[in-house]
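Just so you know, the sequences run in chain order A and B. This note's numbering applies: residue 9 is where the first sequence begins, and numbers increase by one. This note's numbering applies: residue 9 is where the second sequence begins, and numbers increase by one.
It should be emphasised that the hints constitute simulated quantities derived from the structure, not laboratory data. This one's a predicted model, so the numbers in the text were calculated from it and none came from an experiment. Check before you lean on any hint, since a few could be wrong.
When the alpha-carbon atoms are kept at most 27 Å apart in a straight line, the in silico DSSO-like pairs for lysine-lysine are as follows [to be verified]:
(1) K279(B) <-> K330(B)
(2) K331(B) <-> K279(B)
(3) K275(B) <-> K279(A)
(4) K187(B) <-> K33(B)
(5) K187(A) <-> K33(A)
(6) K134(A) <-> K331(A)
(7) K330(B) <-> K279(A)
(8) K275(A) <-> K33(A)
(9) K330(A) <-> K134(A)
(10) K279(B) <-> K275(A)
(11) K275(A) <-> K275(B)
(12) K279(A) <-> K331(A)
There are 2 protein chains.
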Amino acid sequence: MGNIVFRVCVFSLVLFSGVALAEPKVAIALHGGAGTISRSVMSPAQEAEYLEILDQAVELGRSRLLEGVAGVDVVVEVIQLMEESPLFNAGRGAVLTWDGQHELDASIMDGETLQAGAVAGVTTVKSPIAAARAVMRQSEHVMLAGSGAESFAASVGLEVVSNDYFTTERRLQALDRYKSSRQAGLPVAPTSKFGTVGVVVLDVNGNLAAGTSTGGMTGKRWGRIGDAPIIGAGTYADNQSCAVSATGHGEFFIRYQVASDICARVKYQGKALETAAFEVIHDVLEPVAGEGGVVAVAPNGDVAMIFNSEGMYRASIDGNGKKTIAIYGDGAAAGASSDG
Amino acid sequence: MGNIVFRVCVFSLVLFSGVALAEPKVAIALHGGAGTISRSVMSPAQEAEYLEILDQAVELGRSRLLEGVAGVDVVVEVIQLMEESPLFNAGRGAVLTWDGQHELDASIMDGETLQAGAVAGVTTVKSPIAAARAVMRQSEHVMLAGSGAESFAASVGLEVVSNDYFTTERRLQALDRYKSSRQAGLPVAPTSKFGTVGVVVLDVNGNLAAGTSTGGMTGKRWGRIGDAPIIGAGTYADNQSCAVSATGHGEFFIRYQVASDICARVKYQGKALETAAFEVIHDVLEPVAGEGGVVAVAPNGDVAMIFNSEGMYRASIDGNGKKTIAIYGDGAAAGASSDG
């Protein structure tokens, strides 16, 4: 019913008001990670918790975009909401490395200027996505790593926390299980669950932006850097083509240049965003068992949320106002999909 | 004269021997960095030294390729020759960070399998390119950083050296000059000279490979990571399109995805390698003052060596046996260009 009323309203506006036609489009799509996410192991209460924060995040983003906030800043604000939630593997709630520490990665890109910033392996910066934005805006560099990145973040006044700020009971247990399996020589599936968060937007000025923030993989070692802080792999934005944030088994996303390859197919082959994203996730990654997904937005306000895993926490409001919130990949998505 | 004899021989072989026609093509192109390289400041002795090692490196590569060694291994062997030379900003002879240390980066990619490996910010691994290959072949990961990468390299038996193994008098003086200028508030041009090394090859099995190794930028701070260890920025290889190694102002090479964009233009737009490389270096990077260059090789044995800086140390032997060794960009290249 609300749907019909909305459509009639839009139709009336189109007919009777040139101003309404000229109203700038905004769009947003976000993910909270992809992987093995089964209805069978998720309680109704857990499901409701995820749907609620996904809804909160996508509505926050849309309202800030409509206020005219620049795309890059909306990306940071929405990712910060997700970094602060213990539900996702980013910021508080991040997974633990083999050594029981948190090493966080993030990156951001501005589709108008192709400016970009990234941090890798930071352990005490409260908001890794804010640090990535600071690298982009306040340094000569694109990517800073480790203690150097932390010194930089502190030098520009970003909030510093102790490493255990990020720790949750759930991730401690996950590390214990992972180490027990590894040490017992049992098969482990480090790729079975990813909780990276990412946001892509189209702002009122027609600019695209993308950002990604993660705690990496449970039990990671040796200073491993995944795709999240790699421009072109986990994050890419170019007003000429699209903005993409990825989540999944990072090594594949680096090797196959997932974010920039989707944009290259849009730019050089003239493909629709949905087609380009589908091809890379299903035709390129699936045959090599590269598990994961992407959210993406095009300059015309189209959004795509594509994944080859069992599920992906996701939400979007496209340029026509159509809202989608979903978790599973079985078509009968939990959550709402509505116009307006 | 040698040229004519060679051509007659090739012609005879084509006429009289089907075997000769079936002989697999090999090709190699390499760089020792791009930047402000003026005849006026280079002594004849220095010039001869550079030309000699460029010649030695390209001939080593070609002979190993003709012996049937796999492309990835040829890339490592040739880069190691350059890492061990104090003339280049990679391995011994690497530049110094603001803190007077060496932090080395390298990456490698196999165009057949799209496997890749990279290390960033390593300080005690004698051969960063060998460490990158070990990450590719002996770990589950693509990119390892800092002390974690060093632990991994040691765990697989790679040679470890003390950080001052990499130090040369010339780079100590360069850091002193850089810090004096910065501290006096004078303008500095950190981008005026780059000595990253990189090699791309086509091997006898028709496989492409690319690798890059660097000491980064003089006076770098905050754990800065440039394009050299970033797959898609400094290094990319895909048998379906091309193999590229880049050198220059790394931040631009990351933002504009230089290596993978060249390959995307070949793959999606059907452009010739030379055209694609020219467009990215001159039409994309030059307008935004993104200084540097690339070497690239195509599956058909074509090579391209393109730069927008004053010079680039470079050498190649293409699929037809044409050899080029040069330093400057003024057309009248120092060194030889010959068929055969």
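Hint check:
1. Taking the CA atoms of K279(B) and K330(B), the gap is near 22 Å; set against the 27 Å cutoff, the hint holds.
2. Restraint check for K331(B) and K279(B): satisfied, since their Cα atoms lie roughly 23 Å apart, inside the 27 Å limit.
3. Of the supplied pair hints, the one linking K275(B) and K279(A) holds, its CA atoms being roughly 14 Å apart against a limit of 27 Å.
4. For the hint linking K187(B) to K33(B), the alpha-carbon distance of about 48 Å lies beyond 27 Å, and the restraint is violated.
5. With a C-alpha separation of about 48 Å, the suggested pair K187(A) and K33(A) falls outside the 27 Å cut-off, and the hint is violated.
6. A distance of roughly 30 Å separates the Cα atoms of K134(A) and K331(A); the hinted pair therefore is violated under the 27 Å criterion.
7. Pair hint K330(B) plus K279(A) does not hold up; C-alpha atoms about 39 Å apart against a cutoff of 27 Å.
8. For the proposed pair K275(A) and K33(A), the alpha carbon gap of about 21 Å is at most 27 Å, so the pair holds.
9. Simply put, K330(A) and K134(A) have alpha-carbon atoms about 33 Å apart, too far for the 27 Å limit, and the pair is violated.
10. For a cut-off of 27 Å, the pair hint linking K279(B) to K275(A) stands: about 14 Å separates their Cα positions.
11. Note on K275(A) and K275(B): the hinted pairing holds, with a Cα-Cα distance of about 13 Å set against a maximum of 27 Å.
12. Pair hint K279(A) plus K331(A) holds up; C-alpha atoms about 23 Å apart against a cutoff of 27 Å.
In the structure shown, a violation is registered for the earlier hints numbered 4, 5, 6, 7 and 9, in ascending order.
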